[in-house]
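These protein sequences, in sequence, are chains A and B.
For the record, in the first sequence the residue sitting at position 104 is 384 according to the working numbering, with numbers rising by one throughout.
For the record, in the second sequence the residue sitting at position 5 is 285 according to the working numbering, with numbers rising by one throughout.
All clues given are correct.
Just so you know, same-sequence chains aren't split out, so a pair can sit in one copy or run between any two.
In silico PhoX-like links for lysine-lysine, alpha-carbon gap of 20 Å or less:
| id | residue 1 | residue 2 |
| --- | --- | --- |
| 1 | K407 | K373 |
| 2 | K597 | K587 |
| 3 | K358 | K374 |
| 4 | K373 | K681 |
| 5 | K538 | K689 |
| 6 | K733 | K587 |
| 7 | K373 | K358 |
| 8 | K374 | K407 |
| 9 | K287 | K358 |
The set of hints was computed from the structure by calculation and includes no laboratory data.
These numbers were taken from a predicted model, which means no experiment stands behind them.
Protein chains: 2
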Amino acid sequence: MNEIPYKIYLEENEMPTQWYNVRGDMKKKPAPILNPGTLQPVTLEELSAIFCEDLAKQELDDTTRFFDIPEEIRNFYKMYRPSPLVRAYCLEKKLGTPAHIYYKFEGNNTSGSHKLNSAIAQAYYAKKQGLKGVTTETGAGQWGTALSMACSYFDLDCQVYMVKVSYEQKPFRREVMRTYGAQVTPSPSMNTEVGRKINAEFPGTTGSLGCAISEAVEAAVTQEGYRYVLGSVLSQVLLHQSVIGLETKAALDKYGIKADMIIGCAGGGSNLGGLISPFVGEILRGEANYDIIAVEPASCPSLTRGKYAYDFCDTGKVCPLAKMYTLGSGFIPSANHAGGLRYHGMSSVVSELYDQGLITARSVEQTSVFEAAEMFARVEGILPAPESSHAIRVAIDEALKCKETGEEKNIVFGLTGTGYFDMVAYEKFNNGEMSDYIPTDEELAKSLDTLPKVD
Amino acid sequence: MNEIPYKIYLEENEMPTQWYNVRGDMKKKPAPILNPGTLQPVTLEELSAIFCEDLAKQELDDTTRFFDIPEEIRNFYKMYRPSPLVRAYCLEKKLGTPAHIYYKFEGNNTSGSHKLNSAIAQAYYAKKQGLKGVTTETGAGQWGTALSMACSYFDLDCQVYMVKVSYEQKPFRREVMRTYGAQVTPSPSMNTEVGRKINAEFPGTTGSLGCAISEAVEAAVTQEGYRYVLGSVLSQVLLHQSVIGLETKAALDKYGIKADMIIGCAGGGSNLGGLISPFVGEILRGEANYDIIAVEPASCPSLTRGKYAYDFCDTGKVCPLAKMYTLGSGFIPSANHAGGLRYHGMSSVVSELYDQGLITARSVEQTSVFEAAEMFARVEGILPAPESSHAIRVAIDEALKCKETGEEKNIVFGLTGTGYFDMVAYEKFNNGEMSDYIPTDEELAKSLDTLPKVD
Chain A
281 MNEIPYKIYL EENEMPTQWY NVRGDMKKKP APILNPGTLQ PVTLEELSAI
331 FCEDLAKQEL DDTTRFFDIP EEIRNFYKMY RPSPLVRAYC LEKKLGTPAH
381 IYYKFEGNNT SGSHKLNSAI AQAYYAKKQG LKGVTTETGA GQWGTALSMA
431 CSYFDLDCQV YMVKVSYEQK PFRREVMRTY GAQVTPSPSM NTEVGRKINA
481 EFPGTTGSLG CAISEAVEAA VTQEGYRYVL GSVLSQVLLH QSVIGLETKA
531 ALDKYGIKAD MIIGCAGGGS NLGGLISPFV GEILRGEANY DIIAVEPASC
581 PSLTRGKYAY DFCDTGKVCP LAKMYTLGSG FIPSANHAGG LRYHGMSSVV
631 SELYDQGLIT ARSVEQTSVF EAAEMFARVE GILPAPESSH AIRVAIDEAL
681 KCKETGEEKN IVFGLTGTGY FDMVAYEKFN NGEMSDYIPT DEELAKSLDT
731 LPKVD
Chain B
281 MNEIPYKIYL EENEMPTQWY NVRGDMKKKP APILNPGTLQ PVTLEELSAI
331 FCEDLAKQEL DDTTRFFDIP EEIRNFYKMY RPSPLVRAYC LEKKLGTPAH
381 IYYKFEGNNT SGSHKLNSAI AQAYYAKKQG LKGVTTETGA GQWGTALSMA
431 CSYFDLDCQV YMVKVSYEQK PFRREVMRTY GAQVTPSPSM NTEVGRKINA
481 EFPGTTGSLG CAISEAVEAA VTQEGYRYVL GSVLSQVLLH QSVIGLETKA
531 ALDKYGIKAD MIIGCAGGGS NLGGLISPFV GEILRGEANY DIIAVEPASC
581 PSLTRGKYAY DFCDTGKVCP LAKMYTLGSG FIPSANHAGG LRYHGMSSVV
631 SELYDQGLIT ARSVEQTSVF EAAEMFARVE GILPAPESSH AIRVAIDEAL
681 KCKETGEEKN IVFGLTGTGY FDMVAYEKFN NGEMSDYIPT DEELAKSLDT
731 LPKVD
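Generate the whole structure from the sequences, applying the supplied hints.
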C-alpha cells in the first residue's frame, strides 16, 4: 500500500457519474410524505405544482438505486469537486491517538458548504423544465448562497427570502448572494400575502425560517414559471448529497482503507445522509459494518429526544407532512449559533435508518463544540463552520477513547463547511461569553403537543 | 496528450522541495537595501536585530539559486497545497474566446490568500531560532490571519498591530486571528512609545499602515525573544512565494502546456514575484520567452507612474531603504478597496525586472475590476478578492483580444485569494456606489518630492 497523503484527491475520471438512492436498498422504506390538506400520500401531480417535475419524481422514487448525474451537473461539479479526503495527521499528533482520522472537506467553494451539491442539481432541473426561476428561503445563508451560485450558472432568476434578523445581522452573506445576481428579500416582506399578514399581526417582527418558507412557497406558486426549492430534509437532497459519500468511499478504497466509524453533523440530515448513504448501503446488503454516528446540538435534539411521528416540515404548515424524528414544528431552539442545525425535525430517510438501529445519535453542547473547533483550526488550519464542528467534537472524543484502549480505528467525519461568516459566534467564544442550553423535558413535551394527529 | 482536466492537482510527491531565488539568475542584481541611519548597505548583523537570522540571510543572498524547503514547512504546505491550477473552461465559453485561460488558485486556505506560504516559513525560522514570538502589522487582515495560523501551528506568540480603522470595520478578520490565538491590538495603541506619541499628537486618529509597522518594529526590538516579520515586498517573501510559480510550471509541464502570457496583480509584489519567478528564470537563462504583466490599481500606480529610486519602505521610516518603483512613502492612496494593493512602493526584485524590461505593467480602474470579478464569480464559482480581480480584468481583456485575432494563446493568471471578507466593497459595487480615482500628475509630483536624497 502506498503511503497515505495528507489529502486524497480523486482524478476527475474517478468522480461518481451516478447518485445513489439508499432507499432503493432499504427493505422497510421511509413512510410516504402526506398532503397537508388530505393527509393522503402526496401524488406526483400535487408535488409537481411546488417542485420541478424531475425533482418531484426523485422525491417519490424509493426503489431506483442509481440516478445518472446529467453531464451539465458533472461539469459544474468539476469546478469544485472532487473535494479532498484529508488525513488529519496534525490533529492525531495533537491528541496523541493511535486512531487514524480522516475528514471529507466540503468547504472548498464559495458557498462555503456542501449545499452547492444539491443547489446545482435543483437549478439544472428547473432550467431543463424551461422555468424562469426558483424561490427559496435562507436562514444562516449557506443555502441561499449556494442556490444563487447555481442559478447564476444556469441563468435562472433566483428569489431568496432571508429571515429578517439574518438579513440585517449578516449583510456579507446577503451581498454574496446579490453578487451572484439573486434578489434577496428580508422576510417577512410586503411581497406576499402571508408576509403582509404577519407584518400586520406582529409589527417589527424579525422573522423566522417558517415564515420565510411560507413566503417562498407563495412566491413560487403565484408567479408563472417559478418553482420552490429546498436545501435539506428532502429525499431528493439526500440523493444529490450522496456524491459526498460516494467520493469518500472511492478515496478510501483507492488506498485500501476500511472505515470503522463514520461521523456527521445532523440538522435537516442532508449532509449526514449524503455522507453515509453508500456505507449504509453496504450494511443493508450485508457486505460490511460501520459505526455511524449522527451528531446534533443538545439545544435542538430531534433524534436523541424527539418523537418519531408525522409532522409539518415548516412552521407555516404549507409543505407536505413527513414522518420523522421531530421536536414539534412549533419548537423554537434557544440561542445556538449553529444556524444550520436549528431544525425541529430530521430527514425521513435518516429518521428511518435511526429507527431501524442502523445508525446511532449523540448530542453535544455548544461550548464543547467550539473548543473542538478551535483546537481543530489551530492544528489543521481550516476554520470550521459551527455546524461541522459538532462532528469534530465527537471525532475527537472517539479518538481519545482509542488513546485509552490503544485501538487503531479509522475514524471518518464530514467537514461540511467553513466558518468565515460565523465570526460573531467565534467572537462570543473567544470572549468567554458563550453559554449552553438544553431544553427541559417540560419544554419538549409542550412542543411535542403541537404534533398533528395522523398516525 | 491527455485531455486537460478542470483542475490540475499535482501529487504530493510532485510538490517543490526547494524555493527558487530568481536573483541568483539575474546578471544585474536588485540594488542593496540600505541602513536608514548610515545610508550604507545593511549588514547581516544589523538586519538580524529586526528579523530572524535565517530570514535575514535569505534577504541578503542574491546568488544562491535554490534553498531547500525544510521538512516541517513542507508538511504544513501539504495541508493546503498543492493548490490547483484551474482551466477556466466556463469563463472561456462566456467570453467566446479561442484563448485557453488558466488560473493558479491560492485562496483554498483559511487565511484566504497566498500569504500563508511565507507566514509558515517565517514562523518556522523564528521557532528554530528559539524565539518566544513575532510581531507584525496588518491592514486588510490577510497577512495577520496567515501569520496567526502559522504561529499557532508552531506554538509561537503572535502580536498583530492592526490599523485601527480596519480593527473596527473588520471585526471578523480580527476574530479569526484571535481564534488562532493571536493578540490583536488596534494601532496606534498605548503599548508603544511611537503609538503613545501619535495618539497624543493626533487624538482620535484611526491609524495607518505606516504607524502600525512602526509599532510592530518597536514591540519586536523592545521585547526579549521577539522579532518583526513582514508579509510582502521583501526578497525573502518572494523566495517563499516562488512555490506558487514552481507548482504552476510543474502543472503546465505535466500536461505539455506552454504558457504565452502570465498575469498577476501587484501590490508589494510578493504574489506576482512568486508566480513569475521560475518563468523569468527561463527568460534570464535564454530558455523561453513569456509576456509577463503586472497589474496595479490606477489609484496606486507605482510601476506605471512611479519613480525608480531609493525610498523608505514604511511611512515611519524605521525600516531599511530599498531601491524600487515608488510613489513616495508619503503617498496616501484614495479610497480603494483592494487593501492589499495600496502600497506606495514595489518589491525591489520586481522593480529591477521591470526596469530591465523583462516584465510589463498595466494599471486598471476599480469599477472595471469589480465588473471582471463579478463576471468571473458568476461563471467560475469562486468569489475573488478585489486584489486578485485586477489580474482577472487583464486576463479577460487579453482573452477578448484573442477573440478578435483568433489566437489560441495560453493565458495564465494568479488568483491570489477569496473575497469573503471584502463584502463591504462588493456591496458598494452592487449598489452602483463605487467610483474610480486616478491621482493627478501634480499629486504624484508632490508625493515624489518626499523621496530621500540617496542616489
